[in-house]
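Colleague: Using the hints provided, position chains B and C relative to the given structure of chain A.
Chains as they are written, first to last, in my numbering: chain A, 25 to 743; chain B, 440 to 911; chain C, 262 to 502.
Just so you know, these hints were derived from the structure itself, not from any lab.
You may find that some hints are simply not true.
Unchecked claim - Mimicking DSBU-like on lysine-lysine, the simulated pairs with C-alpha atoms at most 35 Å apart in a straight line are:
#, chain 1, residue 1, chain 2, residue 2
1, A, Lys305, C, Lys334
2, C, Lys432, A, Lys286
3, C, Lys334, A, Lys713
4, A, Lys723, C, Lys334
5, C, Lys432, A, Lys264
6, C, Lys334, A, Lys634
7, C, Lys334, A, Lys260
8, A, Lys377, C, Lys334
9, A, Lys260, C, Lys438
10, C, Lys500, A, Lys327
11, C, Lys334, A, Lys264
12, C, Lys500, A, Lys377
13, C, Lys438, A, Lys634
14, C, Lys485, B, Lys772
15, B, Lys898, A, Lys634
16, C, Lys485, A, Lys722
17, A, Lys586, C, Lys334
18, A, Lys521, A, Lys142
Given the structure is predicted, the values throughout are model-derived calculations rather than measurements.
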Amino acid sequence: MSNKFSRRDFLKLTGVGAATTAILTGCGPASRYVKREPYMQMPEYNYNGLSTFYATTCRECAAGCGLIVRTSQGRAIKTEGNANNPLNLGKTCARGQATLHGLYNPDRVTDPMKGDSKITWDEATQVVADALKNNKPEEIAFLMGTAPDHLFDFVSDLANAAGINVPVRFNALSMFESRATLSKAAENLFGKTGLPFFDVGGAQIVLSFGANFLETWLSPVSYTRGFAGLREAQTKMRGKFVQFEATMSSTAGKADEWIPLKPGTEAMVALAIGKLAAEMKGVSASAFEGANPEDAAKKSGIKLEALEHIAEMFAHSGGALAIPGGAALGQSNGLAVAEAVLALNALADNFGKVGGVYISALAPMQTEYHGPASAQEMQDFIKNMADGKFKVLFVHGVNPVFELPAALGFKAALKGVGQVISFSTFPDETAAEANYVFPDHHGLESWGYQRVATGAAQPVLSGAQPVVSPFYNTRATIDLLLAAGQIAGGKFALTFKDEVEFLQSKVAPLMNEADGFFSAPDINTFMASFQQYGGWWKTTDGRTVPAAADVLNKSMSGAESKFAGEGEFFFVPFVSPTLAEAGANKPWLQELPDPTTTVMWNTWVAMNPKTAEEMGIEDDDVVRIVSEFGELEVPVYKYPAIRPDTIAIPFGQGHTAYGRYAENRGVNPTDLLGQNFNEAGDLAFAGVKVKIEKTGKKKPLSRLESIMGVYGVGMGEEH
Amino acid sequence: MSDKKAHSHEEHLREKHLMLDPLPRGKMNEMVMEAMMEPPTWKFWLIFGFLSIVVAYGLFYSWARLIMEGVGLAGVNRPIYWGIFLVNTVFWIGISHAGTFISAILRVFKAEFRRPFTRAAELMTTFGLVQAGFSIFMHLGRVWLAYWLMPYPNQRMLWPNLHSPLTWDLLAITTYLLSSTMYLFLPLIPDVAMARDRSTGWRKTFYKILALGFRGTEGEWAHLRNGMNIFAFAIIPVMFSVHTIVSWDFAAATRPGWNSTIFGPYFIVGALHSGMGAAIAVLAVIRGTMKHMKYFIRGEHFDAIGKLMLIISMAWAYFFFNDYMVQWYGGDKWTQLLLHFHEAGPMGWMWFGMLICNIAVPWAILWNQKWRSTPWLVATVGIIINVGMWFERYIIIPVSLSINRMPFTWRMYQPGIEIPLGIGTLAFFILLYMAASKLIPLIPVWEVQEGQMAHEFKKFGRETVVSVSELE
Amino acid sequence: MIRPEEIKMSSEETGKWGMVIDQDICTGCQACVAACAMENNVTFVGEVDSGYGRSMHWIRIERFWEGEYPEVKMTPNQPMLCQQCGHATCEPVCPAFATVHSQSEQLNLQVYNRCVGTRYCANNCPYQVRSFNWRDYERPEPLPNQFNPDVTVRRRGVMEKCTFCIQRIHKAQDKAKSEGREVVDGEFTTACAQACPASAITFGRIDNPESLVSQLGHRSHGVKHLEELGTLPNITYYKGG
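Next up, chain A with everything else stripped away, as it sits in the complex:
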């Protein structure tokens, strides 16, 4: 029985028996893959139409959803959600579907590169070895993506062993999610750090302050399932959903009531609702005492009756829930907003209850919450780079040149680093600036695991395995670091034979944990099940209940936030729900219409039609938007659901590298942002005011919708 045969037969979802383990152990690295064959040359044990399915983890964002990938003749054909994985229960978002366009992207980095020339992996290994050996440990830095995955664990171990800097995790999504603010607020109020989890599905009324949880926020697939549960009207009352946001995001589009409050007044409004609701409930809560509903109504532009109505619903509902997130937290007073909104939950007394607030379960092999770096921490990191404190910088899984606001100066700071080594799979902006690119496999070609930070009730470790053999001459970063470590010697020489051995050593302790979804007597059997089911998770709820005791007695501030810049418009950047930070090079993601504007393949600025009319601006007119930190030119979309004093631009386009489908398309709204942080260190991305200037240019936006049919443009006067 050949090695190829063993993998093929034994790792597919159906049928992993005890007998397989012995054979599996004997497999060398080469036997991990099914060879890619032309469909014309079918091996005799296969015939057309028979597919092999592999369980793995989606790497398109940090949520860590489980995937089942259908493969045929060594090609990945289709991704589906892994129905076993408690995070996504068989579902995927659009980006998970399009991950195959990343795998088979025509613009991948095919070989290890030194500048523009290809080198061999031996040379590359030597380069990494030299970089590790010839620099002081504190001069070596790792910058990685948000996902807390096996590579992060490996580099952390390496950092522990060799004394290099601990790896820093960062990603534009965590920046726009304001994760640091959320966890900081939880820490302030509950005395315990961690990501709050909001049980939308069990609630009866949800007040969301800027949290775009149906788009990209934290764990969109899981929260969308929660939303479906909220609306489920068969077994309970149909839950109500109110969104407070200056512009109607696609999440707000699903709300029963969209409250376009003035940016910066979120904390004030939350406290005012708290005060009104507390009065209705007859609860005394000093947290809300400073609030003045009339004043809040006036300043936020919400009618007082509306506030009272919402407060009444909130006070009298059996399952009230309030969620802080997104642009509401990305302001100078973001922390106060998060605390005020969390305090509403204390008023609703929903901590640890169905439809309430929990602290997310810590993933297996995790003892405490470890969040990604905030933008302010990134600024410190950049300062270290610029000051020449780092001689070598390894970048993996993040594209900071694109994702960080240009004004923070990451690109310029790279010049202060002696050697920049990127492990990017794609020729992104950071790879373009790097001295070396040593491409990692695509996620679907890789081993690994990913801890699920939030979204599932139980602790989840999503497992990844290669579903196809690597398409190009790429190498797993761990394998490269291991080999380089051997050459560098000393503390860098870790004892693992390869990446898989490292993984096995990591997941081995789980065999003995109680309440596991499966257990096994030995590591080989355990690994086989780990691969078969796409990870390991507990069967028990791992969420913890926030300490509610004195939340209502904390003092809260409802002061308006401060805005940077002089302009007359509030500026709300938001993450494109279809592209997110790394989707722009996948052609089918580009062709997906945005859920709110249906624009494809480009960036737009959403302006209220009345404002546009007053300024003499039409659809598709290119305007120049100027902030304190930068400017950009972008075509206008007259968006009927945005405050007249606010504009919004999606984040996701504006690449200068990153392959043919992404390059020179649209603009990057982070160009308008800069050193402007909130108390938790998150970027105050919604705390900037901007000016709008006409340019006289036009750039027609590609829309799926008909301007005529939807807006009546060109239908004659009466329509």
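Modeller: The following block gives chains B and C in isolation, referenced to the frame of chain A:
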């Protein structure tokens, strides 16, 4: 005095009416031969060469690109799946109608003024249908498989779908093309026989083949007349059916604005409207450019066709109004939106342009007999009517397709490669005419002579009266 | 499990396969659109053509606006795909029999290799859900490795549309047949329904009263689009709210 008066009256009639102004047969044959054989001038070659280039680029090169790269080169999209190609198809089929109408209907009803220009009209039918065929094949996404639309025996027993109006359409157009070609050919036989006897070289061979050995015996004439009579009667229903069926392509669909029961006659009248306009323009050109043609084609002919045009314009206006009213009062919300879009939407100028070209201009000019008899003026009106009728089809197809029951998909249409291809078909139409004018007698000599033989002046007392005898 | 005696005789009126779409929970996230494109080898057309109404989506999510700011509302997202009409307007107009009704599955089939591209069916489809291959859109290597080998790749000049993932239907039927049983409700589903994070799309046998889709479909306030045209659509929508 009265004799003189009678004489001048006779002169007057002679001058006015071709049928009363006979020439010896030999002389007339010679005139027609001369008009045909006249060596082409440099102007002719210049226009011919220019049109050839237009055809080569506009029709053949552009079409090749269209086939190689796909219909995406045209302006069609969702929801406007049909564009100018089908506008042109309907337009050319419309033009081809007048040929048969003039030739067959006027022949059946023995309208004497028809005689000198039946040939020119029949040529218009055939040449117009060729352009219509081109246009509909351009429209197809995979034209190399167009034969699948034809019923032909095949192993898989796959037949075209007889439920589809497009299948009826294709069958009707094919039938029409074949029958109109035969109907063009039959009356041509005596004339090519005449040409055969008066030419030498390759022309003699050419005409010999075309004439099928016609010698002009009594028996041959009897057979020919029988054949022509059968065709003249048979082709009339074919002609009516063709444009009715073209209208069914639209009327049988479920689209707002198309689903109209009056589309059949409305399309026929529309076809005659544009066809008459085209016919008169062709006649004016022939009269103006070819030798001896001022003898054959006179003011009376423009006058007669002008009257027909006026009547047809009125009929078209009636049907248009009828169609509009029925749809408007139907009250369907999508149809009402569409009708509103026609006049108030971005293509509203075209809708008003259509009404001006098709109604206002002909009514303003054709009521006056003097104006009606002025060739250049009537020809201009004819061309304007054709512009109007092209607008009408444009409004029915791409403009109406903009609006459907899914407002999310409404779009506008911007033509692309349709423009060179459309110009190419027009150039090819003219080119075919130019070639025909040099190859076959454009005037059916025998028919004119037959008419002249039948007409004579008779005196009843002092009055000179025209009498026409039945020849057959 | 569908027992044969429970299944009414399939006819055009009852249909066989059907869908229920809950617009109240559809978030418009486009996962179904991406899933459909990946499953069915639907091509992307680029910025210019997609802006000109030539995108090839087999399923699109429509949304409109009601009211004016600040009382403006986004109407419930409406995924629009082939309604697999029992009495389809696209079928009779095709001169080449390229769009035909499947007697066994009660679906509207599009026979790509019979299509000559008259586009009549697309004109006559009141739902405007048919996509035409206006060009041979470029999918540079190695993107074609992703193609689903069960689904034909279409060339220029051919009409295409949602098939209710007929390749999945057949696969499930073949599997059930080889195991000597009937297809179980929920054993398989279409790509869009499988991806949908909100589970807003439910697919199954509507001629089996036990199936989930039938039970959802029998709730009171379902809507069938443009039913008044007599098309007998097989998709039921719930607007909710």
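Colleague: Run every hint past the structure and note whether it holds.
Modeller: Checked hints:
In summary, the hint linking Lys305 (chain A) to Lys334 (chain C) is supported, as the alpha carbons are separated by about 31 Å, within the 35 Å threshold. Using a Cα cut-off of 35 Å, the hinted pair Lys432 (chain C) and Lys286 (chain A) is violated, with the two alpha carbons roughly 54 Å apart. A hinted pair counts as satisfied when its Cα atoms are at most 35 Å apart, and Lys334 (chain C) with Lys713 (chain A) qualifies at roughly 26 Å. Distance restraint check for Lys723 (chain A) and Lys334 (chain C): the Cα-Cα separation of roughly 27 Å lies within the 35 Å cut-off, and the hinted pair is therefore satisfied.
Proposed proximity of Lys432 (chain C) and Lys264 (chain A) is contradicted: the alpha carbons are some 41 Å apart, above 35 Å. Taking the CA atoms of Lys334 (chain C) and Lys634 (chain A), the gap is near 16 Å; set against the 35 Å cutoff, the hint holds. The hinted pair formed by Lys334 (chain C) and Lys260 (chain A) meets the criterion: a straight-line CA distance of about 25 Å does not exceed 35 Å. This hinted pair checks out: Lys377 (chain A) and Lys334 (chain C) have alpha carbons roughly 32 Å apart, not beyond 35 Å.
Restraint check: the Cα-Cα separation between Lys260 (chain A) and Lys438 (chain C) comes to about 40 Å, which exceeds 35 Å; the hinted pair is violated. The straight-line distance between the Cα atoms of Lys500 (chain C) and Lys327 (chain A) is roughly 28 Å, inside the 35 Å bound, and the hint therefore holds. For a cut-off of 35 Å, the pair hint linking Lys334 (chain C) to Lys264 (chain A) stands: about 15 Å separates their Cα positions. For the proposed pair Lys500 (chain C) and Lys377 (chain A), the alpha carbon gap of about 30 Å is at most 35 Å, so the pair holds.
For a cut-off of 35 Å, the pair hint linking Lys438 (chain C) to Lys634 (chain A) is broken: about 62 Å separates their Cα positions. A hinted pair counts as satisfied when its Cα atoms are at most 35 Å apart, and Lys485 (chain C) with Lys772 (chain B) qualifies at roughly 18 Å. About 86 Å separates the Cα atoms of Lys898 (chain B) and Lys634 (chain A), which puts this hinted pair outside 35 Å; it is violated. Note on Lys485 (chain C) and Lys722 (chain A): the hinted pairing is violated, with a Cα-Cα distance of about 40 Å set against a maximum of 35 Å.
Distance hint between Lys586 (chain A) and Lys334 (chain C) is fulfilled; the C-alpha atoms sit about 30 Å from each other, no more than 35 Å. A hinted pair counts as satisfied when its Cα atoms are at most 35 Å apart, and Lys521 (chain A) with Lys142 (chain A) qualifies at roughly 26 Å.
Hints 2, 5, 9, 13, 15 and 16 from the earlier list are contradicted by this structure; the remaining hints agree with it.
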